[in-house]
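> Sequence:
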Amino acid sequence: MSEQTGRHNPGGIRIEDALSILSTRSRMGGNRSVTADAVPREMKEMGQTIDMDQPSTDADRAGPPGPLGGVSAASLPADPAVPETMSDDDRRKHDAMKADRERRGKEIREHMRTMDVADLLRLVFQAQQDRVAAYKVFDSGLETVLASGNITSYPALCAKATATFSVLSDTINSIRSCLREQHGRTDAARAVEQLQKKEGEKLNLTAAAHLERLRLRNAQVEGGARDNGEDERTAALLREGIKTLDGKVAKVVEEINDCIEELRCIAADE
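In our numbering, the protein residues as written are 219 to 488.
Please keep in mind that the hints were generated in silico from the structure rather than gathered at the bench.
Worth double-checking, as some hints may not be accurate.
Derived CB-CB ranges, DEER-like [stated by the list, open to error]:
#1 V350 <-> H312: 17 to 23 angstroms
#2 R451 <-> A365: 33 to 39 angstroms
#3 N368 <-> R321: 35 to 41 angstroms
#4 D307 <-> K461: 49 to 55 angstroms
#5 K469 <-> F343: 20 to 26 angstroms
#6 D357 <-> M315: 27 to 33 angstroms
#7 Q400 <-> C483: 18 to 24 angstroms
#8 A454 <-> E479: 34 to 40 angstroms
#9 D357 <-> D405: 30 to 36 angstroms
#10 D464 <-> E440: 21 to 27 angstroms
#11 H312 <-> K469: 39 to 45 angstroms
Even for Gly, the Cβ is constructed at its ideal location relative to N, Cα and C.
Given only the sequences and the hints, what does the whole structure look like? Please build it.
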C-alpha cells in the first residue's frame, strides 16, 4: 500500500511540535530562528492531541463493525470538541454521545478478540488507506486556506484533521494490543508499533511544513506593498525550508511503506 505524500511523541498536530522541528533545523545550520512569537496567537493551539502508542482511555475510537467482520474507523465520528460554555441540553447530548462511544468501543474491543491475525492485519491496511485519504483532505484544506488568505480558519481545519487521525491511530493501537495479547504475535505487534512511530513523525513534519507555508503566505502579503528586498530574502528562506521539510516527509513515507511491506509479508504467511 503506498502512502501519498513528526518527531515521535504522544502529541498530535500541535504547533509546539512543529516549532520544535523548525527550531532544531535552525540550530543545525538553518538561516533563521523560528520561535512561538512568530506564530499568530490563535494558531498556537490547534486542537486535540493523538496518542500514537495507546488507545484512548475514555472511549476506544476503533469504529463500528465493518465488512470484514471487523471494524471501520472512518465510519465512527470523532468526539466533538467541548466548548468552555455549553448549555445544559448540549452538555447532555455530548455526554450521551460520549457514553455511546464508550459502549461501542467496548463492543469493538471484544469483537477484535474474536478476529484472527489475517483479519486484524487487513484492518491495519484499511486504516492506512484511510490515513492517506485524511492527509489529502488536510493538505487540500491548507490549499483553500492559503488561496483565501484567511489563515485564522486553519486551527479549525487542524482540529478536524487531528480528530480524524486520532480515530485511525486508536484503531491501529487496539489492533496492536490484540496481536500481542490475544495472539502472542510480537513480530506483528512490533511492526505495527514501528508503523505508528513513523506515522507520528510524518504528522509532525507535515504540521511543520504547513506552518512554513502559512508563514510564507503572510510574508508575501506583508511584503507585497513594500517592495522590500529583505522580504524577498525571507520568502526565499521559507521556500527553502518548505522544500527541506517536504523531503523529510517523503523519506518518512518511504519508511512507512517499508513497515507496511513487512506487515504484508507477515499477512502472506497467515
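> Each hint needs a verdict: does it hold in this structure or not?
Hint check:
Our hint of 17 to 23 angstroms for V350 and H312 is violated, since their Cβ atoms are close to 31 angstroms apart. Distance hint for R451 and A365: a CB-CB separation of about 25 angstroms, inconsistent with the stated range 33 to 39 angstroms. One distance hint, 35 to 41 angstroms for the beta-carbon pair N368 and R321, holds here, with the actual separation near 39 angstroms. Distance hint for D307 and K461: a CB-CB separation of about 50 angstroms, consistent with the stated range 49 to 55 angstroms.
The hint said 20 to 26 angstroms for the Cβ distance between K469 and F343, and at roughly 22 angstroms that hint holds. For D357 and M315, the Cβ-Cβ distance of about 29 angstroms falls inside the hinted range of 27 to 33 angstroms, so the restraint holds. A C-beta distance of roughly 21 angstroms is found between Q400 and C483, which places it inside the suggested range of 18 to 24 angstroms. Remark: the range hint 34 to 40 angstroms for A454 to E479 is upheld by a beta-carbon distance near 38 angstroms.
D357 and D405 have their C-beta atoms about 33 angstroms apart, which keeps the hinted 30 to 36 angstroms range intact. Hint check: D464 to E440, Cβ distance near 24 angstroms, so the stated range 21 to 27 angstroms holds. Separation of H312 from K469 is about 41 angstroms and conforms to the stated range, judged on CB atoms against 39 to 45 angstroms.
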